[in-house]
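K.L.:
Residue-level listing of the chains:
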Amino acid sequence: MQEAGMGQAVNEALREEMTRDPNVFIAGEGVGVSIHDSPLMPTHGLLEEFGEKRVRDTPVSEAAIAGLAVGASEAGMRPVVEIMFNPFFTLASDMIVNHAAKLRYLSGGKSAFPLVVRMKSGSGFGAGCQHSHNLEAWVCHSPGLKVVMPSTPAEAKGLLRSAIRDDNPVIFIEDMNLYFAFMPVPEDDTLIPIGKADVKREGKDVTVVAWSRMVHTALAAAEQMAGEGADVEVVDLRTLVPLDEEAILTSVKKTGRLVVCHEATRTGGFAGEISAVVMEKAFSSLKAPFRRVTGPDIPVPASPPLEAFYLPSPEKLAGAIREIMNQG
Amino acid sequence: MQEAGMGQAVNEALREEMTRDPNVFIAGEGVGVSIHDSPLMPTHGLLEEFGEKRVRDTPVSEAAIAGLAVGASEAGMRPVVEIMFNPFFTLASDMIVNHAAKLRYLSGGKSAFPLVVRMKSGSGFGAGCQHSHNLEAWVCHSPGLKVVMPSTPAEAKGLLRSAIRDDNPVIFIEDMNLYFAFMPVPEDDTLIPIGKADVKREGKDVTVVAWSRMVHTALAAAEQMAGEGADVEVVDLRTLVPLDEEAILTSVKKTGRLVVCHEATRTGGFAGEISAVVMEKAFSSLKAPFRRVTGPDIPVPASPPLEAFYLPSPEKLAGAIREIMNQG
Amino acid sequence: MEISGEKKMEMLRSMILSRRFSEKLTELCKIEGKIPGMVILSTGQEAVGSGVCAALAPRDVIITNHRSHNHLLAKGADPNLLMAEIYCKKTGYNKGKSGTLHIAVPEINAPCTTTVVGGGIPIAVGRAFAQQYRGEDAVTVCFFGDGAADEGSFHESLNLAALWQLPVVFVCENNVYAGAQRFEEHTRSKSIADRGAGYGMPGFVVDGNNAASVFNAAREARQLALSGGGPTLIEYRTYRCRGHGEQDPQHYQPKDEIAAWMEKCPIPRLSGDMIAEGILTQDQLGRLEDEIRDSVEAAVGFAESSPYPEPEDALEDVFA
Amino acid sequence: MEISGEKKMEMLRSMILSRRFSEKLTELCKIEGKIPGMVILSTGQEAVGSGVCAALAPRDVIITNHRSHNHLLAKGADPNLLMAEIYCKKTGYNKGKSGTLHIAVPEINAPCTTTVVGGGIPIAVGRAFAQQYRGEDAVTVCFFGDGAADEGSFHESLNLAALWQLPVVFVCENNVYAGAQRFEEHTRSKSIADRGAGYGMPGFVVDGNNAASVFNAAREARQLALSGGGPTLIEYRTYRCRGHGEQDPQHYQPKDEIAAWMEKCPIPRLSGDMIAEGILTQDQLGRLEDEIRDSVEAAVGFAESSPYPEPEDALEDVFA
Ligand SMILES: Cc1ncc(C[n+]2csc(CCOP(=O)(O)OP(=O)(O)O)c2C)c(N)n1
Ligand SMILES: Cc1ncc(C[n+]2csc(CCOP(=O)(O)OP(=O)(O)O)c2C)c(N)n1
Ligand SMILES: [Mg+2]
Ligand SMILES: [Mg+2]
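Protein chains in written order, with our numbering: chain A, 1 to 328; chain B, 1001 to 1328; chain C, 2001 to 2320; chain D, 3001 to 3320.
Only chain A is shown next, with the shape it has when bound in the complex:
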């Protein structure tokens, strides 16, 4: 099996789906000619392969990019558009949330909007809070959207292919750090279903729910805790909407303890949703208080020590696990 970063995996998925279905096209800022001349980037080489008709560089106009996807998808095309960085979602949010997500409902089920919006996310580049700001909680709170946040290249590939084939708008968020983390990617054409979590590590003492880059933080924390005799189960959500409640509840019923880890800021983050689901549906299984390990409620700072402070680390996560291991 080849080793690749997530950008390369996304690239493969795009290439394969574009080859399979002439209705698939990609558009966005620099998806064709880019300032990044690197094969690690998700759309590298696609312009050369598929030409200007299907690989559309757009002006710096996020609302128009998103609207392009809405309109073209209504016609039965399958646009995959890129909003360069997650914070710029704000500029596309009217098109996505008030249109892509709602127009089918408003049509009484007559229209469909099979589009994918890819967004880069994640801190760690010293770029500051206008580039690094994880906003998955916004799209999760917008009925009509599906939300996918893979943690490995292989899953990114399989999930993106499913997202492109899905008849609904899918928000697909890629942590940029994972472009540079090489992991095995199968060369077959596996589709990974949207809406299914994956247990990345089995354990019996505590459940850590995470997604995207934080899955690796969780796995590192689990290793650390294993040394202390705690057996941590890591549930990788992969898809946030629709949420695989069953996977979460099954794990929590087994372990009786829950920690959620996300990079996004704390207040109003998606950890709250998971806590609510568990408190509603597995209350009696819980042996210890819930813990969240998240970014603090601050914009992401640029300076390296500050940015490192922002990021949930395996150590902080292990600390939280330790706290509740001592209870219940």
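There are no misleading hints in this set.
Capping the alpha-carbon separation at 30 Å, the derived lysine-lysine pairs in DSS-like fashion look like this:
| # | chain 1 | residue 1 | chain 2 | residue 2 |
| --- | --- | --- | --- | --- |
| 1 | B | Lys1120 | C | Lys2090 |
| 2 | D | Lys3034 | D | Lys3090 |
| 3 | A | Lys253 | B | Lys1253 |
| 4 | A | Lys281 | B | Lys1287 |
| 5 | A | Lys316 | B | Lys1253 |
| 6 | C | Lys2255 | C | Lys2030 |
In case anyone wonders, no lab produced these hints; they're calculated from the structure.
Mind docking chains B, C and D with the ligands on chain A? Use the hints.
P.N.:
Here is chains B, C and D with the ligands on its own, set in the frame of chain A:
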């Protein structure tokens, strides 16, 4: 004491603050000359009283309206701008979330942005999902913003005055239904502090946390449940950010049971945050599973029976309370 | 260019239908609780929707806005299903989920109606992109107001459409008001059409109360788009004879201004011309009026007798 | 209009400072891990920031963007504090919270720098609104790129500024590229300045590599704004001699294009003129260069020897 709707109370607060401080001005679509010729509306009569310099009708340009507030507030003015309906926040969201909320931090604390964004929210007018969509969870998840959602005219008045005097960006969300619900409003110039919840009804069996219009739903449900022998405490958050955790925890520690009621859709709604806080900090006090009573995960439909189905009712809330009264 | 008698008849019928439909709604809106939501009409502006749609083929697409009824009827919407949707009934085009403001009728190629001001413009660009991509012999028309032309979405969309030479016709219906704000109170520009130049796109100001001029401008723009010549921005000058919506008392609209524009009503203007040209008689006009009146009454009857959706129907149609 | 020798000297110094500062950063960026984030420079474009800021009074405000260093230095930023912020040190203008991309310097009236493309434009309008409201004898200048002119924020802001005749000067720095996209690949418009007409605002295209022309256009626009004549849109034509940022290998930029523009470098152009006019000698120029080189070295020394902020400092400065 006079009786007034929330629009009138907001109107009084604006009038008083504009009179007190020449740096306060209002801007937005139809804040001066409006298609609504009604004294129940929040900005009615202010143009006549304060003139065109301070009451600025703008083009239909939400990003510019928000940017106006950002720029003017940096200069030390105190803009109070209106985004007509909550879903149109999307169009202003870059200015609010990436700029109003972050620029102070980016300046290292040198700049301040003392602005208020008023937004109308709430379903019940058959206007459909592009007008009715409660998005408070978005702004609550954006560090640097304060978020206020009053339930009564008197509190709207006191809180808006505090919001205008606050040195930070404050998002002030008014449920339009409350413009037509008349309640006493004191004529004095009370300031209600931002960040303090209010116990609207004391009770010992179950805590219902609510805000904005849903406080009245909670009070109605509490009355209903009183007839069944359950003593419901209703905590009106008033401010969502900063969250008065103490008020919530004090109540839950007393009652041992928690229901959160909000009009916004369920997944990713702010109820999750409250559940997380309680599960982190009052876990051992909890006697029964948590319940949320919220809008379902759908866009708000226009047709009256569908729209009524969408809205959390006292009956649904009472049902949830009943469920957990039987446990623990 | 010469307009056939048939086209003129089509426009006349469509304008009268739209007017009677609107007048009926004005009446119904006075009855408390009858029509949910904000009913927004095109009374006085009918030549725009009717003239533009007459220039289109059924395969052409329109994207419309909060003031959609005229556009939809002109594109061929069934008055029964339209009225039922406005009533929010289960039999309506969108099962009552949309109501008066966002009626989508994909079956007549009017698939997206949005009440977010300016929101239809990027979508129209996307729809036209699909047409170009597939080499369809069809265009997309986007209807929006003068106020909408101040939204950022207008700007980004027109720039992109011009850049890619997409087959789209941008129809700005300048009805003097955006809400309670007059045109000259929301921009210092002399016209919206002037903005075309900034995107390298032709822009024209056209009399929007003259169905023939409306038709001709739309026909030319469509032709240009079909032949690969890219988008056109047409600003039709017309007037909103009623309030922004039916709840608007029009207190800020000068009475004599309304009256003056009512004098320029596009319906007698076209029917008068047609009679003068000898392609319509008073008698035929009378029968047309009667027939339309009946169909509007029938639409009301259909809507009134239709059931509301069941509450739980609210949960359907979120995902495909 | 005549430009004083003093002003010319000011521009020359500011351009050379900006160039040396940038060249130093280009060097530093090659050292792995030295400078955090995306360093984005104005090499070759210095006449714009330096010429415009020379036309301003200290009380005038500038709002800048991701390509800010030249603007900030020209407005009077201290190279030490600027460099320290670029290094993300505690002693930097913003305590390391901003880094290279969003440096805010309220003390020189450069209070908001945003890296959201187009994001500064609405803010500049708000800042100019405050000036008008208070009757201040000052204007706001907003710097943005040609790419930014395609964002919706540009459109909404220019329309509003013209409508209210706000004292703002919109400075579009057209450096041929927006990221990897050439100007003619992102708009079919012949110029950004053309867009002014659509808002009822004067728009001019000006040589952005000639400091004197830059200065004169800015001075006139400022004068107009101060006298109540409202905003102006100035498009300065210049060229981005380096990549979008220092990580950009410029693979899509023709080498001969870069070379041709380097020939038009604004610095020797101004210094050459000044020498010809007899207001500068080679000797003085050499001393100026030395002095500036020293100050840039000093800035690097200051930054290098400054501490990083403490991790927990991250929690400060969210709320006032
Ligand atoms: C984004 C957004 N902002 C505000 C509104 C409220 N609103 C509805 S219609 C309207 C005026 C639109 O004017 P114009 O575009 O000229 O269309 P007209 O109503 O005159 O046909 C406004 C402000 C809205 N629906 N959407
Ligand atoms: C809203 C937004 N979209 C995209 C980006 C990424 N981006 C940064 S600079 C840039 C190009 C801007 O071009 P231009 O406005 O011409 O400015 P220049 O870099 O040439 O000075 C892009 C696309 C961004 N920062 N903000
Ligand atoms: Mg209008
Ligand atoms: Mg540029």
